[in-house]
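Generate the whole structure from the sequences, applying the supplied hints.
Under this note's numbering, think of the first position of the sequence shown as 22, with each following residue one higher.
Since the hints were derived computationally from the structure, they do not count as laboratory data.
The reader is advised that the hints may include incorrect statements.
What the hints assert, rightly or not - Listed next, with one range per pair, are the computed distances between beta-carbon atoms:
#1 Glu45 / Arg130: 31 to 37 Å
#2 Asn118 / Ala74: 16 to 22 Å
#3 Arg83 / Gln145: 19 to 25 Å
#4 Lys76 / Ala122: 28 to 34 Å
#5 Ala122 / Arg87: 17 to 23 Å
#6 Lys131 / Arg83: 25 to 31 Å
#7 Ile68 / Asn116: 21 to 27 Å
#8 Glu114 / Pro64: 28 to 34 Å
#9 Gln141 / Glu45: 28 to 34 Å
#10 Gln141 / Glu84: 32 to 38 Å
#11 Asp46 / Ile68: 25 to 31 Å
#12 Arg87 / Gln145: 30 to 36 Å
#13 Lys102 / Arg130: 26 to 32 Å
#14 Arg110 / Phe132: 24 to 30 Å
Quantities reported herein were computed from a predicted structural model and do not represent experimental measurements.
The beta-carbon is built from N, C-alpha and C at its ideal position, and this holds for glycine as well.
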Amino acid sequence: MEKGAEREDQSRSGLPAHSVAISEDRDRAAVFGCALLQGEVLPCLNIVRVLMAGKPEMLLEREAWRLERVGSLVRVLTEKKIDSLETLRKSWEQNPNVHCAEIEAWFQRKFRHYVKELWQTMLQEAQGGLRDVRFTSDKIWTLN
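Structure follows, in structure tokens:
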């Protein structure tokens, strides 16, 4: 795949381009969940990765699906058929709080109070409404 086509494909789906088709719903959800938590889908999550209790790559390890935070996120993404930015956006149009608890579980307990504010930023980014996001020790700043 050419680099331009690869970037275009990634921007449409919200997932990095890869050479192997993912046919299992649960695997697709896990790959999307990993990309989401890494900040590849919504950039604001990249900024706060240091506050997370685990590495997003854990979602790609089937053995880790037995862990509460990992299995819970994979399960809700699979059940709601969320495997792209488009399906995430549609899901949030119906219920803006869907899987908020599952995302919150990925943060260290002492930083979970940031999730409510971060959630609003995530919703806005999913709709394409934010251009720049900054994080400081006491606040998540959004700049248009």
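Hints, verified against the model:
At roughly 32 Å, the beta-carbon separation of Glu45 and Arg130 lies within the given 31 to 37 Å, and the hint holds. About 21 Å separates the C-beta atoms of Asn118 and Ala74, a value consistent with the hinted range of 16 to 22 Å. For the hinted restraint 19 to 25 Å between Arg83 and Gln145, the CB-CB distance of approximately 33 Å leaves it violated. Taken as a hint, the range 28 to 34 Å is violated for the pair Lys76 and Ala122, whose Cβ atoms sit roughly 20 Å apart.
Range check, Ala122 to Arg87: Cβ separation about 19 Å, and the 17 to 23 Å hint holds. At roughly 30 Å, the beta carbons of Lys131 and Arg83 sit within the given window of 25 to 31 Å. The given range of 21 to 27 Å is respected by Ile68 and Asn116, whose C-beta atoms sit roughly 25 Å from each other. Between Glu114 and Pro64 the beta carbons are some 20 Å apart, a value that contradicts the proposed interval 28 to 34 Å.
Taken as a hint, the range 28 to 34 Å holds for the pair Gln141 and Glu45, whose Cβ atoms sit roughly 33 Å apart. The beta-carbon spacing between Gln141 and Glu84, approximately 34 Å, falls within the hinted interval of 32 to 38 Å. Our hint of 25 to 31 Å for Asp46 and Ile68 holds, since their Cβ atoms are close to 29 Å apart. Taken as a hint, the range 30 to 36 Å holds for the pair Arg87 and Gln145, whose Cβ atoms sit roughly 34 Å apart.
The hinted range of 26 to 32 Å is satisfied by Lys102 and Arg130, whose Cβ atoms lie roughly 30 Å apart. Checked against the hint of 24 to 30 Å, the C-beta distance between Arg110 and Phe132 comes to roughly 26 Å, which is consistent with it.
The structure fails hints 3, 4, 8 (numbered hints given earlier, in ascending order).
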